[in-house]
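A.B. asks: Sequence:
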Amino acid sequence: MAETSHGPASFWTQADALLRKNLTFQKRNVRTNIRLISFPFILCLLLVLIQNLVNHELDKPENKCGCACIDTNGDGRCEEVCSLEHSSLDQGAWCPIPNPPQWPPLLQVPAPEYRAVASNVIPFSDLPNESCRRTGSCPVTLLFTGNNQSLGQTLAGSMFTSSASLNSSRSLDSLANIVGGSESMPQFTNFLDPAFYSGLPIYNLQRQCTPNSTFYADVQITSFGKEQEIKCVQGLQLWRNTSSEINDELYKGYRKGNSERKINEIVAAYDFLNSNENNFNVTIWYNSTYKNDSGNVPIGLLRVPRSVNLASNAYLQFLRGPGTKIQFDFVKEMPKHESRLRLDFSSLLGTLFFTWVIIQLFPVVLTALVYEKQQKLRIMMKMHGLGDGPYWMISYAYFLAVSIVYMLCFVVFGSAVGLKFFTLNDYGIQFVFYFIFINLQIALAFLAAAMFSNVKTASVIGYICVFATGLLGGFLFQFFVEDASFPRGWVIVMELYPGFALYRGLYEFAQYAFNGNYLGTDGMRWGDLSDSKNGLTEVFIIMIIEWFLVLFVAYYVDQIMSSGRRKSPLFFLKSLGKKKGSSLKSPSLQKQGSKVFVDMERPDVLQERERVEQLLLESDSSQSIICDNLKKVYPGRDGNPEKFAVRGLSLALPRGECFGMLGPNGAGKTSFINMMIGLTKPTSGTAFVEGMDIQTDMDEIYTSMGVCPQHDLLWETLTGREHLLFYGRLKSLKGSSLKRAVEDSLKSVNLFHGGVADKKAGKYSGGMKRRLSVAISLIGDPKVVYMDEPSTGLDPASRNNLWNVVKRAKQERAIILTTHSMEEAEVLCDRLGIFVDGSLQCIGNPKELKGRYGGSYVFTMTTSSNHEQEVESLVRKLSPNANKIYHLSGTQKFELPKHEVRIADVFQAVQIAKSKFTVFAWGLADTTLEDVFIKVARGAQAFNVFS
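Under full-length UniProt numbering, the sequence shown has 665 at position 665, and the numbering climbs by one with no breaks.
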């Protein structure tokens, strides 16, 4: 039927066959690939659209220095006009500042309603009463402690003056002579201090305020001038015995309860520790709970220098007298050029969105692997000679190539539409990062595939992982990364989860791209990896280690669970000590198992068992298959007893023989086939195929084996021709031999004409799929072929054609065939075995079985119902031991033992009967194979029930 192959296919031949099949499969899934790639394309376009909308808003005149929208020609429409005279306070952040203003240093002073007062949770009576909050007259509190109370109180008393001591100048510079503070929230920069334009007063902290202590100072803000109110507030300096008392007071007084806010804010607290005339040592508490919009920099730090200056001056005055101090005149920002507000939304949103884009490859690879597992296509390929090495190499390389193409399309398209996330960061770093992660992702998919057996379940779990990783990264992990107080070690532990490692890398790209776009500089470069704040280096290390570790574990797990037969976790130790080519004379494998059923076996079955034992001793190479006491027992579950699927089967098949296995459903035929083809492992016993043991040499057996499984194992998107080309290559067919073999196979099963050969297998009818499965099992001249009910679902013409194919194919090869068709068994099989309840009941060619178990004729006669008794009397005269097996409305059937009747006597008796009454029809038939099957099956089942 098919062109003969030239020995087992080499590693590279198998790899080439699988690669060609995968490329064809990929070509068949163009729509799926388009949908996959369209997701990042649409996402990039969405980001571009958002970016354009944002830029349109940012480009409005009010966001440019000195620009305004003014109706210059009276047409009712405003035009953009830019000049310094139109600049506003809101535009100050964008204007050039060659000479930044000088701002007096300030303290962070609590607002009147938040200043510390006496409370039932604070055990100190020297705090003011809560009634001062209603009048807004509460003083601001500073706490002090130290080892030397006398020195500490002296230093505290030197911090504030007793009265306002401004000179005659009303300029802002004169505020350096007082202890100033503000309740406004400071900013990152000191170009514009909100204390001087927020409308809130600036406080002058003194030991005691006097009447008329409020005054004003001139403040110049860009091109505007204003008078700033300077309001006196009492600075209450309180001593505490220990630093723990201060810490406890700050903690308890900050906030009480969840429903009501009772905030007792302290300006600052000082612990002078062991300070003396020769040593100045101070610890300062300050309120850093004010945060800017990004939430990661405590802006209270911007007003800490004034507090440090007060403590230093107090100690200097203690040493040198009250007239000595270090004048703290002002703080000043660095100069800057004119700038424009630019926000890169691809960097702001890209970390989350691009995590989804990249990690969505995980469920794609996972479902592809689980699909082959669910449809048993992996084991089907293995049973036709595909080794684990070529499968892993080509499958991994195939998914890697698909992932690289996907990522290249993603990066190229993102760069083409101008996303700063891609264009500002070094492409070399991006390539290395994406390459390492997609390798890790593929390795994870191979490992995860071992845990799933259903495509839908794997797909759902995979996509849950996709979206959960992005959301957890954006709303949990990112906060830990940005929180400087969170231990870096725990961040690294979280990055051990590959999804968070991906998120961290994208986060770093986004941060560098955002800052580069905002400042007009480059994004990430290779030199930036040495930055201690850059987490990409640790991500690289984690991903590389995990890549190789996960890949190794995935391959190890696959080896344990491959072929549907679980191996020992220490299988590699056995393989090291195994010698190639197990011998039929292996003493450890001879006569395995007990002979419990030997005495109960029929003579023909017992003779077959003895023949097998003799062949094992002689190492007869003419036998293609030798089964030696093969058993399969399934353990009991849910209180049920264990199930004996195969009970000590011994069988030998020479080349050129087709052996048929008959038996009712559940008899154990498929369990026997599954053991022979490597799907399940025998409980005990073994079998030899072409001299190789199925227990240890299954990989070598696969190279010379063909299988037509009970259920069609086909790729729905590949055509019949493509299936045969793939399996033909696995059998080492090439070039013109391969094409000729494929065409001959298609013609032999009637799938060549009418374009059927190039039609997708998913659109085949059930009968067409069966014919294709038979063609696959026979291509490449396998030495042993297993066919599990090959003609199921075929019409009579196709069935007859298939029988001719099998007849031609059984030359020089052994075929084991299971069937429920007695006609098929009689036509195709040289020998038959009837299998009931896991054991072989009889064995022999069809004629022998009919002669052995069918020793009777079946006599049928149809008359009118009033002559039925006369017919029965006629039969009893012919055969006293006749057995009536059928009776319906004048038609009767009788079994007549052959040793009691002669055919001539039957004809003569019928002639006599016809002369006495009307005979509508009669017949005499020999026993059929179906009769034998029913008789043997019923007898065996009755025996098992009885026993």
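Certain hints may be false.
Said to hold, decoys possible - Okay, derived cross-link-like pairs now, DSS-like style, lysine-lysine, Cα gap no bigger than 30 Å in a straight line:
{"id": "1", "residue 1": "K456", "residue 2": "K681"}
{"id": "2", "residue 1": "K759", "residue 2": "K807"}
{"id": "3", "residue 1": "K373", "residue 2": "K60"}
{"id": "4", "residue 1": "K884", "residue 2": "K807"}
{"id": "5", "residue 1": "K769", "residue 2": "K376"}
{"id": "6", "residue 1": "K373", "residue 2": "K734"}
{"id": "7", "residue 1": "K336", "residue 2": "K226"}
What the hints contain is simulated information worked out from the structure, not anything from laboratory work.
A.B. asks: With reference to the structure, classify each hint as holding or not holding.
C.D. replies: Against the structure, the hints:
| no. | hint | in the structure |
| --- | --- | --- |
| 1 | K456 with K681 | holds, 28 Å |
| 2 | K759 with K807 | holds, 27 Å |
| 3 | K373 with K60 | violated, 59 Å |
| 4 | K884 with K807 | violated, 39 Å |
| 5 | K769 with K376 | holds, 15 Å |
| 6 | K373 with K734 | holds, 28 Å |
| 7 | K336 with K226 | holds, 24 Å |
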